[in-house]
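For the sequence shown, our numbering begins at 138 and goes up steadily by one.
In case anyone wonders, no lab produced these hints; they're calculated from the structure.
Any given hint might turn out to be false.
Okay, the calculated beta carbon distance ranges per label pair [stated by the list, open to error]:
id: 1; residue 1: R177; residue 2: M246; range: 19 to 25 Å
id: 2; residue 1: M260; residue 2: S160; range: 30 to 36 Å
id: 3; residue 1: W257; residue 2: K175; range: 17 to 23 Å
id: 4; residue 1: N250; residue 2: A209; range: 29 to 35 Å
id: 5; residue 1: S197; residue 2: K147; range: 31 to 37 Å
id: 6; residue 1: N194; residue 2: N250; range: 20 to 26 Å
id: 7; residue 1: K175; residue 2: A139; range: 17 to 23 Å
id: 8; residue 1: N227; residue 2: T167; range: 15 to 21 Å
id: 9; residue 1: S196; residue 2: K147; range: 32 to 38 Å
id: 10; residue 1: S197; residue 2: R170; range: 21 to 27 Å
Virtual Cβ for every residue (Gly too), placed ideally from N, Cα, C.
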Amino acid sequence: MAYSQVFSEKSNYLLSITDGEISDMDSFITWARAVISKAREAGFSKILFDNRTFRLNLSSSDVNMFSRITDAVGINGSEFRFAVLFCPGNTEACHLAEIVFADKVDGYMEFGNQQDAQEWLNM
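Construct the complete structure from the given sequences, taking the supplied hints into account.
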């Protein structure tokens with residue numbers, strides 16, 4: 138399925154809003170590379186992912202490959218802090234991503250609302 142991705146530069150973080158669905162690893166890598174590239178280009182180390190209308194429909198084995206994906210995308214563990222507003226109907230994939238990314242980036246946390254995510258990014 139298709140997805141749309143919009144970026145908004147805030148005062149101290151990049152907001153990435155995604156709508157739609159990704160159901161294959163190649164599309165996921167393309168999506169992730171776009172976010173990381175935009176953050177680096179804009180000079181942000183903090184990213185707020187608004188994925189409330191985004192469905193990540195990957196298999197468990199795909200999600201377990203995330204640790205290898207970070208290398209393919211070019212994510213340096215201490216370079217970024219990710220706050221994620223997850224899609225309520227897609228919690229399983231999001232929680233698997235949280236487990237995998239927990240030791241791959243400086244900070245990774247999931248939230249149910251934007252205010253909590255922003256406060257955490259600003260800590």
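Hints and how they fare:
no.: 1; hint: R177 with M246: 19 to 25 Å; in the structure: 21 Å, holds
no.: 2; hint: M260 with S160: 30 to 36 Å; in the structure: 34 Å, holds
no.: 3; hint: W257 with K175: 17 to 23 Å; in the structure: 21 Å, holds
no.: 4; hint: N250 with A209: 29 to 35 Å; in the structure: 31 Å, holds
no.: 5; hint: S197 with K147: 31 to 37 Å; in the structure: 33 Å, holds
no.: 6; hint: N194 with N250: 20 to 26 Å; in the structure: 24 Å, holds
no.: 7; hint: K175 with A139: 17 to 23 Å; in the structure: 19 Å, holds
no.: 8; hint: N227 with T167: 15 to 21 Å; in the structure: 19 Å, holds
no.: 9; hint: S196 with K147: 32 to 38 Å; in the structure: 33 Å, holds
no.: 10; hint: S197 with R170: 21 to 27 Å; in the structure: 23 Å, holds
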